[in-house]
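2 protein chains.
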Amino acid sequence: MKIAYLGPQASFTDLAVRKAFPDEHQVPCVTIPDCIEAVIEDEVDYAVVPLENALEGSVHITVDYLFHEADLSIVAELTSPIQQHLMVHPENSGGERRIEKIMSHSHALAQCHKFLHKAYRGTPLEQTTSTAAAAKYVSEHPGEKNAAIGNELAAKEYGLSISHENIHDFAYNHTRFIVLHKKSHPLAIEQNKSEDKTTLMVTLPKDRSGALHQVLSTFAWRQLNLSKIESRPLKTGLGDYFFLIDVAHGMDEVLLPGAISEMEALGCEVKMIGTYSSYMLDQ
Amino acid sequence: MKIAYLGPQASFTDLAVRKAFPDEHQVPCVTIPDCIEAVIEDEVDYAVVPLENALEGSVHITVDYLFHEADLSIVAELTSPIQQHLMVHPENSGGERRIEKIMSHSHALAQCHKFLHKAYRGTPLEQTTSTAAAAKYVSEHPGEKNAAIGNELAAKEYGLSISHENIHDFAYNHTRFIVLHKKSHPLAIEQNKSEDKTTLMVTLPKDRSGALHQVLSTFAWRQLNLSKIESRPLKTGLGDYFFLIDVAHGMDEVLLPGAISEMEALGCEVKMIGTYSSYMLDQ
Chain A
1 MKIAYLGPQA SFTDLAVRKA FPDEHQVPCV TIPDCIEAVI EDEVDYAVVP LENALEGSVH
61 ITVDYLFHEA DLSIVAELTS PIQQHLMVHP ENSGGERRIE KIMSHSHALA QCHKFLHKAY
121 RGTPLEQTTS TAAAAKYVSE HPGEKNAAIG NELAAKEYGL SISHENIHDF AYNHTRFIVL
181 HKKSHPLAIE QNKSEDKTTL MVTLPKDRSG ALHQVLSTFA WRQLNLSKIE SRPLKTGLGD
241 YFFLIDVAHG MDEVLLPGAI SEMEALGCEV KMIGTYSSYM LDQ
Chain B
1 MKIAYLGPQA SFTDLAVRKA FPDEHQVPCV TIPDCIEAVI EDEVDYAVVP LENALEGSVH
61 ITVDYLFHEA DLSIVAELTS PIQQHLMVHP ENSGGERRIE KIMSHSHALA QCHKFLHKAY
121 RGTPLEQTTS TAAAAKYVSE HPGEKNAAIG NELAAKEYGL SISHENIHDF AYNHTRFIVL
181 HKKSHPLAIE QNKSEDKTTL MVTLPKDRSG ALHQVLSTFA WRQLNLSKIE SRPLKTGLGD
241 YFFLIDVAHG MDEVLLPGAI SEMEALGCEV KMIGTYSSYM LDQ
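For the record, the sequence lines run as chains A and B. Each residue of the first sequence is one higher than the one before, counting from 1 in full-length UniProt numbering. Each residue of the second sequence is one higher than the one before, counting from 1 in full-length UniProt numbering.
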């Protein structure tokens, strides 16, 4: 079984894939669309990409690509703890060191905003395509005296020394990764299962005030709990949105089909993105 | 009157500020928190920062900083068209040119995703802190054969040649900028006024299913239209959100105060971010 993931090696997605699919063939891809396209073009069976971080919110390119471009299903969700460390080249470690520049993915930089503001105010920050890419750059340019922010695996993989551990601002830092597949049947994984979920993307009828209220009514009177609702721009104009809705309920024969039919009768377009189990990965 | 804006010079925010406040003293700041802090610390009277782009959605650092860190009010909104162009150093313009790297702000790169995928597949992309910073870098490094994506003002300011015009993927590309101030009284601007709005941030009571539905009911039965609703993580755990709600209605004596009181009675925390007019800037 081949699994594409958002690389490079030692990214947080790699960490999650190693835990959830230790024995499968893992294929790193450069971007999230590349991961998704690899499934569409049958180069791999599954793709694992980040969907949402507890601090930074949704990964928009994932949500938008699933809405606008791809016709794939979520077949499982992996929730993984995220710990960020500051790491430097061993040549620049210890003693009185001055860091010229701190590099990482924009989400990792944002997750450590307060630490950076306090300990490294004025030090230039540079965004990279991933935390692992930052670690790789630092390992290859010891003369530049840069630091990277990333996970322990990246420090190990690229031979860097961790100078500050756990520098993320909020203790509760988790990321949800989704496993995407062409077919919609749920995938069972040997990890702690937490709950069943169904993800829908709903476009409201235009120019009807109170339509979102009606949509939520279809869930509320059935006592279907929503674990997430988020608006995303339709890209047709400011104020035009679709809604990403996670229902804390697996697909059944009566309740969810009834809610979906009602929303459609109200003039909504409903795209079913998947019904699946959520798994909590160990630290 | 001093106005801080998200710089550097020739950024899209600069363009909006030049149109809305042509005669005022304009102070560029490096980051969005820097702009906001400049108001808090009385270094300037107002700050202008981006809040939302029609394609990429909310600018999270603005929303989160207003919720978690700052106690400022929105006193006006400026909506401005966004046109992205590809620009190179004049030495590298014309003839058979090969671009080594394309640089811009992550939102600008995302807004031109399809163009880049089609015309420059495989060319490395590099994120910069702003579109203007990318233009500045390209102007200062003619030997590197890079291109920048940004606005016309940036091309002019940094002496670059536009090689492709209007490369953004969706024709409707606008950004909402907000004007922030310490006091909450609305600011009148000599531009086309489009509508009055009120922005609220609402935190739902924990563990009560259907609470969002109740919140929307308080608006629906009063026929108060919402022009936006969006969830943002509270940063306390996956699944804990607050909601950013734009009501298409200025503050009044009866309807909005009634809705706010009802939400509070339901156990919600309501933070009023501003009641203000929205202005549409010319191209």
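Simulated from the structure, these hints should not be mistaken for laboratory data. Incorrect hints may have been included.
Each pair may be met inside one copy or between any two copies, as identical chains are not told apart.
No more than 30 angstroms apart at the CA atoms, straight line, and that leaves these computed lysine-lysine pairs for BS3-like [unchecked claim]:
#1 Lys101 x Lys145
#2 Lys114 x Lys193
#3 Lys206 x Lys271
#4 Lys2 x Lys118
#5 Lys183 x Lys114
#6 Lys114 x Lys2
#7 Lys193 x Lys145
#8 Lys182 x Lys114
#9 Lys183 x Lys101
#10 Lys182 x Lys101
#11 Lys206 x Lys114
#12 Lys118 x Lys193
#13 Lys183 x Lys145
#14 Lys114 x Lys156
#15 Lys206 x Lys145
#16 Lys118 x Lys101
#17 Lys145 x Lys118
#18 Lys19 x Lys101
Now the hints, each set against the structure:
1. Lys101 x Lys145: Classified as both; 7 angstroms inside a copy, 24 angstroms across copies.
2. Lys114 x Lys193: Neither way: Lys114 and Lys193 sit 33 angstroms apart in one copy and 38 angstroms across, limit 30 angstroms.
3. Lys206 x Lys271: both (17 angstroms within a copy, 28 angstroms between copies)
4. Lys2 x Lys118: For Lys2 and Lys118, the Cα distance is within 30 angstroms only across copies (27 angstroms; inside one copy 43 angstroms).
5. Lys183 x Lys114: Between copies only: 27 angstroms across chains, 43 angstroms inside a chain, cut-off 30 angstroms.
6. Lys114 x Lys2: Cα proximity of Lys114 and Lys2: across copies only (27 angstroms, versus 39 angstroms in one copy).
7. Lys193 x Lys145: neither (43 angstroms within a copy, 51 angstroms between copies)
8. Lys182 x Lys114: For Lys182 and Lys114, the Cα distance is within 30 angstroms only across copies (23 angstroms; inside one copy 41 angstroms).
9. Lys183 x Lys101: neither (45 angstroms within a copy, 37 angstroms between copies)
10. Lys182 x Lys101: neither (42 angstroms within a copy, 34 angstroms between copies)
11. Lys206 x Lys114: Close across copies (27 angstroms), not inside one copy (41 angstroms); limit 30 angstroms.
12. Lys118 x Lys193: neither (39 angstroms within a copy, 41 angstroms between copies)
13. Lys183 x Lys145: For Lys183 and Lys145, the Cα distance exceeds 30 angstroms both inside one copy (48 angstroms) and across copies (44 angstroms).
14. Lys114 x Lys156: Cα proximity of Lys114 and Lys156: one copy only (25 angstroms, versus 36 angstroms across).
15. Lys206 x Lys145: neither (54 angstroms within a copy, 46 angstroms between copies)
16. Lys118 x Lys101: within (15 angstroms within a copy, 33 angstroms between copies)
17. Lys145 x Lys118: For Lys145 and Lys118, only the intra-copy Cα distance (20 angstroms) is at most 30 angstroms; the inter-copy one is 37 angstroms.
18. Lys19 x Lys101: neither (32 angstroms within a copy, 35 angstroms between copies)
Violated hints for the displayed structure, listed by number in ascending order: 2, 7, 9, 10, 12, 13, 15, 18.
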